[in-house]
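Colleague: Build the complex from these two chains, which are given one at a time in their own frames, with help from the hints.
Heads up: the protein sequence lines correspond to chains A and B, in order. Under our numbering, think of the first position of the first sequence as 1, with each following residue one higher. Under our numbering, think of the first position of the second sequence as 1, with each following residue one higher.
To be clear, the hints were calculated from the coordinates, so they are not data collected in a lab. Among the clues, some could well be false.
As the list claims (entries may be wrong) - Here are the simulated lysine-lysine pairs, DSS-like style, with alpha carbons at most 27 Å apart:
#1 K110/B x K186/B
#2 K147/B x K30/B
#3 K112/B x K212/A
#4 K50/A x K186/B
#5 K50/A x K198/A
#6 K315/B x K242/A
#7 K223/A x K242/A
#8 K315/B x K152/A
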Amino acid sequence: MKILVCVTSVPDTTAKISFTDGDTKFNKAGVTFITGPYDDYALSRAVELKEAHGGTVTVLNVGEADSEQVIRKCLAIGADDAIRVNCEPKDSYFTATQIATIAAQEKYDLILMGRESIDFNSGVVHGLVGEMLGIPSLSPVMKLEIDGTTAKMTREIEGGKEDIEASLPLVLGCQEPIAEWKIPNMRGIMTARTKPLKVVEPVGEDMTITEKYALPAPKGACKMIAAENAEELIALLKNEAKVL
Amino acid sequence: MSVIIFTEIDNGALKKSSLEAVYYGAEVAKMKGTTATVLAIGTAAQDELSKAGNFGATKVLHANDARLATGNIQAYADVLASAVAQEGAEIVVLAKSSLGDAVAARAAGKLKASIVSNVTDLPNLSSGFKVTRSIYTGKAFATVELKGEKKIIAIKKNAVSVVESGNTANVEPFTPNLNDADFAVKVTGTHKASSSISLPEADLVVSAGRGLKGPENWAIVEDLANALGAATACSKPVSDLDWRPHHEHVGQTGIKVSPNLYIAAGISGAIQHLAGVNSSKVIVVINKDPEAPFFKAADYGIVGDVFDVLPRLTKAVKAL
Ligand SMILES: Cc1cc2nc3c(=O)[nH]c(=O)nc-3n(C[C@H](O)[C@H](O)[C@H](O)COP(=O)(O)OP(=O)(O)OC[C@H]3O[C@@H](n4cnc5c(N)ncnc54)[C@H](O)[C@@H]3O)c2cc1C
Ligand SMILES: Cc1cc2nc3c(=O)[nH]c(=O)nc-3n(C[C@H](O)[C@H](O)[C@H](O)COP(=O)(O)OP(=O)(O)OC[C@H]3O[C@@H](n4cnc5c(N)ncnc54)[C@H](O)[C@@H]3O)c2cc1C
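This is chain B alone, in the form it adopts within the complex (with noise of 0.2 Å):
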């Protein structure tokens, strides 16, 4: 009856967050007395995928049909529910990603699981089985049972303090039934940013807002993102007038960021986007007006000119 992790794979490895994830698992596993199964969908080699032994997994089913080469929700849905079937789990755990979510959501509707998002803590398990979630945009937490024979939870970043052991896991192939229903939506083209770090993913984020002035400017703030190996971020305003690409908006209203340093740039901290990075671990904010409002939700803060403060951080971050 182990405990499945559902992972994700990019550029042949396994994703940051699903190593966060894998961890998580191979804890309540531990709690449960059984062990973490890693069920991974896509193109890796077998030493990549035995790496998720150092997170707590002893087993990864990898499923490595070229019909699962796009993320197809639907058959990668199927693909979780057939591995929860042969394992005979009731736990699944995953990490929160727009992928994530929708697989899960679709695998909950299939093993009739109850499933509860924005996981922020280890689960309590002295009086059924009880879970904290983050709700509101990170504005409140709830403590939430989860009553199914049959659970999944969706993690944030940040959920657990990792610690890697050292172990392998063996790694096995898995051939589940895929279902020609499952192919029914066609993906026509595909247009990523070549830009290496993920913004969900990333420890080290840097925005900036409308403060920035325009688009020619944002080489100041990709420099400072540069120096730090941090992801870029923006306000809803700048991807709104197409200063930077929709992806990079962060807030209420666009991605939701719990690095460990968010660094904020001539951004005035409207609720709508503290909303979408208030559990960062660390907020810095750069802003010329001292009375700015996300002053008040920063641990540290410069009233300066992001055209001086910039790159003079920049450079001492190279000097480190």
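The following block holds chain A by itself, in its conformation from the complex (with noise of 0.2 Å):
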């Protein structure tokens, strides 16, 4: 079985967001970059496929030089090679095109990704790989089994879950709990650094422009209310906040 990985490198979910330029970057001075957390899933469960089944598991960047120390990471945990888009991922769109046309040439029996990335959220990479591969997409999927050519997967639905049956090829945003999330190993580290990493150069363009970022108004002082008189919170909801 041939697997592709996309993964994106972001923020560390603790890291305090600031901009620069006059709020036009990003400012990633003292940030610690990791694979997105719902990637990490999807890379974890494709290694996992791979001792199961046999084959070989690709990660994928579209990004700048400076994500090949994630990409590294995920070669340590279990992927075999890798490759890297040579630029800045600006928009879905764009994203979506180098995934597809790397995809469309590898002719990958399944392409695992994340639900979204943890820094834009939008949740639609996939979506648009699988319309223009014209493959199916689906995610959420919490569960994936492989037998043969079909995939049989749980996915989350608001308020629940369905089971769904489909043939390979398909494009899958993976999630919690598909997979335990894999650390490297000192084995996976050393290896890591000889295996395979292929830059590429983009096709395609952006769709939309990223003009300027913005940080939300802080919170004012948190009003507290005492223990003993709990039930005063109910007042102050329903005629100061007006939220009942």
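Modeller: In structure tokens form, the structure reads like this:
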């Protein structure tokens, strides 16, 4: 089985978000970049499937050279090789175009992604890639078993879940508990250094322009209510905050 | 060249989040000097659908084919793309949801559209077509220009304050061409909790964390939620421990909510939890530890024991 896993390089979940250059650029100073948490689930399941059924796992990132540290970590976790499309991934459509262009040549059985990126949170790249390739796309997938050329999946829906069956090839957006996050071991880290990482140039155009960033207005002070008078909260919510 | 609003039907009626999208779409249509057309897929009575007029739509296209009964992503995207073609629409609006995102993404692929998600405000048309979107899971905003001739906008809850007009919309049957290839994915089973209030749609949410000590204690959370008419939610460890179902887990790696009121009981307020709830209008925190980080993100706080405070709040709500 030939599996492609698409990963983002994103600020650590505890990172303080700020901007520079007159609020037109993300401020990378002091920020640790990690593999998107959902992408990590996708990668972990891909490695498990390879261990169970044989095949290869390729990691793909659309990003600048500084995402190679995240790509190497994916190789250390168990991917066989990697591709980086050398550009700033400006929007969902542009990013999907890069992924679909490579996937159209390589004919993967399974393209695994995260349910959403934790920087731009759109949750649309899998659908775009599925459409561009003319194959089904499903998200968020929380369980995935492969039986020959059939995939059996569980997808989360509003207020519950549904069981799904479909033939490969497929594009899936993954979330927990599809797999346990894997941590690279020493041997993995050593071999990752020599695994192939191919850099290719982008194609196509972006469809949006991100012009400016802003931070939310700071929260006002928290109004404390003594536990003995807890009931007062309800009156405040009704008469002051007007949410009841 | 009207604006099309992709809506979702739940229990024979348009979902609340979809009606908000209808209002948003109608406001955009006004700005562009055109009208708003709703696309509704699935089973619903005509007079239910005509209520879209109350939110500003003039017309409803109703696609009701037996094959469209389950939320089939590819088929829905085909229906949406044909509605866009029939109406010569340039703009598609929808409410963000797991079905909506998936359908919008595939439709964007078909239409070669600029797609922007998590939009929090009406567009600015003074130079180009620009919207504000929430990014970094609510920790920042971005102003984005949509360059494509076709534009798809997925809005976040509370992106507009709805004003109802009392009008009704004309409902027309819509028969799209469906592709057999759209039905390659088979849904073999559906498991839905019987609980009535959907978390992403809810205006009021009562959420609890590890401070509740165990699943057997959730009655006090549910009692308050029931008294308020609120949905219940939980922190990640609570769903990891199987105390509560996964679809109740909110945060960075769970559902993102933006209700009018979010009550957090026995939740410490880790940054990953806050990421999923920080766009709530009013946040109430109940925690026995005065140093709990959640208080910094709260509007109202009670330092106290959830086992004492929650039942008293329930009583106070019932007394309203
Ligand atoms: C100015 C700017 C600079 C950026 N620089 C970088 C950068 O240097 N490196 C970087 O990785 N991201 C960068 N990003 C973020 C990147 O643009 C987003 O990941 C991309 O726009 C898709 O966002 P989305 O919300 O549509 O993804 P979603 O639809 O939410 O993503 C779903 C899934 O698609 C896959 N996916 C999404 N984006 C990528 C990608 N870039 N490569 C591979 N798979 C992907 C992942 O599996 C992800 O979980 C940058 C964004 C901007 C605006
Ligand atoms: C990559 C990543 C992603 C994550 N994503 C998420 C996410 O999406 N959502 C999420 O929630 N977490 C997420 N987490 C986990 C997060 O970091 C925290 O561990 C988690 O939110 C803590 O849950 P909690 O507040 O329920 O538990 P704790 O942190 O254990 O807090 C329990 C709180 O209850 C209080 N308490 C105890 N007893 C009582 C009582 N009797 N009365 C009143 N208060 C009491 C305590 O003072 C404490 O503040 C993520 C972590 C990582 C690394």
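Colleague: Confirm or reject each hint.
Modeller: How the hints compare with the structure:
For the proposed pair K110/B and K186/B, the alpha carbon gap of about 22 Å is at most 27 Å, so the pair holds. Using a Cα cut-off of 27 Å, the hinted pair K147/B and K30/B holds, with the two alpha carbons roughly 20 Å apart. Between K112/B and K212/A the alpha-carbon distance is near 24 Å, which keeps this suggested pair within the 27 Å criterion. With a C-alpha separation of about 25 Å, the suggested pair K50/A and K186/B falls inside the 27 Å cut-off, and the hint holds.
Straight-line distance between C-alpha atoms of K50/A and K198/A comes to about 21 Å, which keeps the hinted pair within the 27 Å bound. With a CA separation close to 19 Å, the supplied pair K315/B and K242/A stays within the 27 Å bound. Note on K223/A and K242/A: the hinted pairing holds, with a Cα-Cα distance of about 15 Å set against a maximum of 27 Å. Distance hint between K315/B and K152/A is unfulfilled; the C-alpha atoms sit about 47 Å from each other, more than 27 Å.
The structure fails hint 8 only (numbered hints given earlier).
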